[in-house]
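Trainee: Residue strings, one per chain:
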Amino acid sequence: MGFVLSSLKKDIARWRQDATAILLWISVPLLIGGILTLLMSGSGAKPHGVLLIADQDDSLLSSLVAGAYSKGELAELISVEKVSAAVGREKINAGKASALLIIPRGFSDAFMQSEPVTLTLRTNPSQTILPGIITDVTRVLLDIGFYAEQLFGSEIETIRQANGNRGLDDARLAALSIAIWHKIESVAPYLFPPAIDVDIVEPPPDEPGVPFALLFLPGTILMAVMFAANGLAGDYWAEHNQGTLRRLVSTPARVTGFLAGKALAAGLIITMTGGLVLIIGFLYHGITWDKLPSSLAWIFVSGIGLFAWFGALQMMASSQRAANLLTSMLLFPLLMVGGSFFPFAALPNWIAEIGRNTPNGFIVDRLTREITATSVWAIDLQSWLIVIAMVVSGLAVCAWRLKAGFARG
Amino acid sequence: MLVVDNLVKQYGDLIAVDGVSFTAGKGMVFGLLGPNGAGKSTVINCISGLLRPTGGHISVAGFDIRKEAKKAKKALGVVPQELALYEDLPAIDNLRYWGKAYGLRGEYLESRVDEVLNTAGLADRAKDLPKTFSGGMKRRLNFACGVVHKPPVMLLDEPTVGVDPQSRERLFELVEAERENGSCIVYSTHYMEEADRLCDSLAIMDHGKLIAQGTVAGLRTQLGARDVLQLSGSFPGDATKQAIRALASGGIDLEIINHEEAGLTLTLSGASQHLPAIFEALSGAGALVSETSLRSPNLETLFLLLTGKELRE
Numbered sequence: 132m133g134f135v136l137s138s139l140k141k142d143i144a145r146w147r148q149d150a151t152a153i154l155l156w157i158s159v160p161l162l163i164g165g166i167l168t169l170l171m172s173g174s175g176a177k178p179h180g181v182l183l184i185a186d187q188d189d190s191l192l193s194s195l196v197a198g199a200y201s202k203g204e205l206a207e208l209i210s211v212e213k214v215s216a217a218v219g220r221e222k223i224n225a226g227k228a229s230a231l232l233i234i235p236r237g238f239s240d241a242f243m244q245s246e247p248v249t250l251t252l253r254t255n256p257s258q259t260i261l262p263g264i265i266t267d268v269t270r271v272l273l274d275i276g277f278y279a280e281q282l283f284g285s286e287i288e289t290i291r292q293a294n295g296n297r298g299l300d301d302a303r304l305a306a307l308s309i310a311i312w313h314k315i316e317s318v319a320p321y322l323f324p325p326a327i328d329v330d331i332v333e334p335p336p337d338e339p340g341v342p343f344a345l346l347f348l349p350g351t352i353l354m355a356v357m358f359a360a361n362g363l364a365g366d367y368w369a370e371h372n373q374g375t376l377r378r379l380v381s382t383p384a385r386v387t388g389f390l391a392g393k394a395l396a397a398g399l400i401i402t403m404t405g406g407l408v409l410i411i412g413f414l415y416h417g418i419t420w421d422k423l424p425s426s427l428a429w430i431f432v433s434g435i436g437l438f439a440w441f442g443a444l445q446m447m448a449s450s451q452r453a454a455n456l457l458t459s460m461l462l463f464p465l466l467m468v469g470g471s472f473f474p475f476a477a478l479p480n481w482i483a484e485i486g487r488n489t490p491n492g493f494i495v496d497r498l499t500r501e502i503t504a505t506s507v508w509a510i511d512l513q514s515w516l517i518v519i520a521m522v523v524s525g526l527a528v529c530a531w532r533l534k535a536g537f538a539r540g
Numbered sequence: 060m061l062v063v064d065n066l067v068k069q070y071g072d073l074i075a076v077d078g079v080s081f082t083a084g085k086g087m088v089f090g091l092l093g094p095n096g097a098g099k100s101t102v103i104n105c106i107s108g109l110l111r112p113t114g115g116h117i118s119v120a121g122f123d124i125r126k127e128a129k130k131a132k133k134a135l136g137v138v139p140q141e142l143a144l145y146e147d148l149p150a151i152d153n154l155r156y157w158g159k160a161y162g163l164r165g166e167y168l169e170s171r172v173d174e175v176l177n178t179a180g181l182a183d184r185a186k187d188l189p190k191t192f193s194g195g196m197k198r199r200l201n202f203a204c205g206v207v208h209k210p211p212v213m214l215l216d217e218p219t220v221g222v223d224p225q226s227r228e229r230l231f232e233l234v235e236a237e238r239e240n241g242s243c244i245v246y247s248t249h250y251m252e253e254a255d256r257l258c259d260s261l262a263i264m265d266h267g268k269l270i271a272q273g274t275v276a277g278l279r280t281q282l283g284a285r286d287v288l289q290l291s292g293s294f295p296g297d298a299t300k301q302a303i304r305a306l307a308s309g310g311i312d313l314e315i316i317n318h319e320e321a322g323l324t325l326t327l328s329g330a331s332q333h334l335p336a337i338f339e340a341l342s343g344a345g346a347l348v349s350e351t352s353l354r355s356p357n358l359e360t361l362f363l364l365l366t367g368k369e370l371r372e
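From first to last, the protein sequence lines are chains D and C.
For our numbering, add 131 to where a residue sits in the first sequence, where the first one is 1.
For our numbering, add 59 to where a residue sits in the second sequence, where the first one is 1.
It is worth saying that the hints were derived from the structure and are not from the lab.
Hints are not guaranteed to be accurate.
[As the list claims (entries may be wrong)] Quick partial rundown of chain D residues pointing at chain C, CB under 10 angstroms, derived from the structure:
| id | residue |
| --- | --- |
| 1 | 200 |
| 2 | 202 |
| 3 | 381 |
| 4 | 385 |
[Unchecked claim] Here are the in silico distance ranges between beta carbons for each label pair:
| id | chain 1 | residue 1 | chain 2 | residue 2 | range |
| --- | --- | --- | --- | --- | --- |
| 5 | C | 182 | D | 500 | 50 to 60 angstroms |
| 6 | D | 369 | C | 296 | 55 to 65 angstroms |
| 7 | D | 515 | C | 64 | 44 to 54 angstroms |
| 8 | D | 453 | C | 78 | 29 to 39 angstroms |
| 9 | D | 515 | C | 78 | 50 to 60 angstroms |
We put the beta carbon where it would ideally sit given N, CA and C, even for glycine.
Could you build the full structure based on these sequences and the hints that come with them?
Mentor: Laid out in structure tokens, this is it:
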């Protein structure tokens, strides 16, 4: 045990001098993960546009048309701003609104007399969705207006004139209400219930309330872990070149003690790099801190597992250059399919299935479970045993290679 | 202290070490002398456990290197030919680490570390990183790491390769100090002067075999008082040999060690007296001498006598 600790201290002392590498292992995933998270998260708000309305008619009907855009769910998408036609044109030309609707003078009279009238709608060509919505809504409004005029033309005219005369007396108001009611009753059999009813059914979410951007966090952490594990595993060749492995095998110290010390040191450095990304993610996404110990423990053990496997690969190669080439060739495809650049939820099912079965993808999958689950220590015992098996198998290959000639070169 | 018995190391068809046997005792420096590729490092690596011998037995301080590997390794101090240091770890931490690898702990470890730092002349640079050291200082630290656990048997594999004269002298002093302390030291080198200065006993290796073994004085005796005469030029085959044989039958004690078209090496007693007769005979045989070298008996000439070639070839 003494030599294990001695090896651990030795490697920590050596590796901490290479602060630039540690900084890169942290900053590169943070940069990539940060950009992806910001792109995917935003505030979660729906798109919102501005509709400029130049109401040159200034009548009850034109007010109703303008007001129709500010009702219900439409109000969440569109803000209505009343402007003069000149100001409206200026703003729409400057791209400061989604559309400009000009209601011409005489609109109300023309509408009531069923005479042709033109509403002008100018849309912002730099936007696509919102001007389209405004155009469709305007068309629907005009259709509704046409049928309303056909059905309630006389009543609307009465209200329009009464508005001009500052109100209706009670008797006329009652008569108007009765007339409208009779007309509604007469068309009710055709309108209610609707001939076609659409029932929208959405499947219940598996785990409710997981923001999509949060799914980037485990992959980003694993990117830092993979960079660190791969970088630190290169130390076997550094020791080989320094001749210290030759000296080691001529001492009575156990090779397993040396490897265990190095693995623990690597685990600490990896946990530090991955843990820093994890803490930043916790702060950004507002994850509860009671998940921190279990997440760090998972990073520590699985980080050692990845280090052990990268180390075994390094030692299997015939030269340092071949080792670096081999691990680099593996690293980036593994990151791609293993959920570090894109969460599994965003990958095609068959790629996600492959990804979850890669070593890093397996770790990302379980870390996602740990972070998003409602309870702490959500990773099952079997998964813990699998990463421990990774550690043991990787170190066993390293020990075999050290004894089989890697040390002497 | 160290017994190597009929050691064989084979790589496929290549026999790197062929039946090497020697014994080195307490308080002595045993030299392994031979040109590059003679098999010295392979012998050292077999003793240190870096290579598994194909055959033979090795015993260190009474422990069989195979059956009691841990005890045997604990009794060994190895100073490898190439530096074996953590260049990014302070000198003092290098010594502590290797001390712990040999099982040293606590105060004894610290006292040994201080001691070897002083002996190696590195006390004032103890906390510096070896990567800032000169080549000679690194060699001394390399040496110190091998002896920090005070081993009874030490293996020094060409420890002075690439070292400046001043540092070489310092290393010689370190080796002599260890011998004074009673260590058994196996010193591999291809520098004759190092072997001459340091070694109490010597084995000469070539092509994986021991070709001579004994004390330095004993080996000199084996050479006798014969000088070595090396001639370059043109030496026609049969005529040259006949001329030399005629000289020998005429009463001159001489012998051909090596004869090629462009060179002739002879060993003879009282060479300076017979030079005129030799040149005359060679001239009569149609030989043309362009360069002459006459050397008194030493280990180098012994190697030449045994192998027919220079030690540094």
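Trainee: Could you run down the list of hints and mark each one as holding or not?
Mentor: Now for the hints, and whether the structure bears them out:
Checking residue 200 of chain D against chain C: minimum C-beta separation of about 70 angstroms lies over 10 angstroms; hint violated. The interface hint given for residue 202 of chain D is broken, as the beta carbon of that residue sits about 71 angstroms from the closest beta carbon of chain C, more than 10 angstroms. A hinted interface residue such as residue 381 of chain D counts as satisfied when its beta carbon comes closer than 10 angstroms to some beta carbon of chain C; here the least separation is about 4 angstroms, so the hint holds. Hint status for residue 385 of chain D: holds, given a least beta-carbon distance of 9 angstroms to chain C, under 10 angstroms.
A hinted range of 50 to 60 angstroms for the beta carbons of residue 182 of chain C and residue 500 of chain D is consistent with their spacing of about 56 angstroms. Residue 369 of chain D and residue 296 of chain C have their C-beta atoms about 57 angstroms apart, which keeps the hinted 55 to 65 angstroms range intact. A C-beta distance of roughly 52 angstroms is found between residue 515 of chain D and residue 64 of chain C, which places it inside the suggested range of 44 to 54 angstroms. A C-beta distance of roughly 37 angstroms is found between residue 453 of chain D and residue 78 of chain C, which places it inside the suggested range of 29 to 39 angstroms.
Checking the proposed 50 to 60 angstroms range against residue 515 of chain D and residue 78 of chain C shows it holds: the Cβ atoms sit about 55 angstroms from each other.
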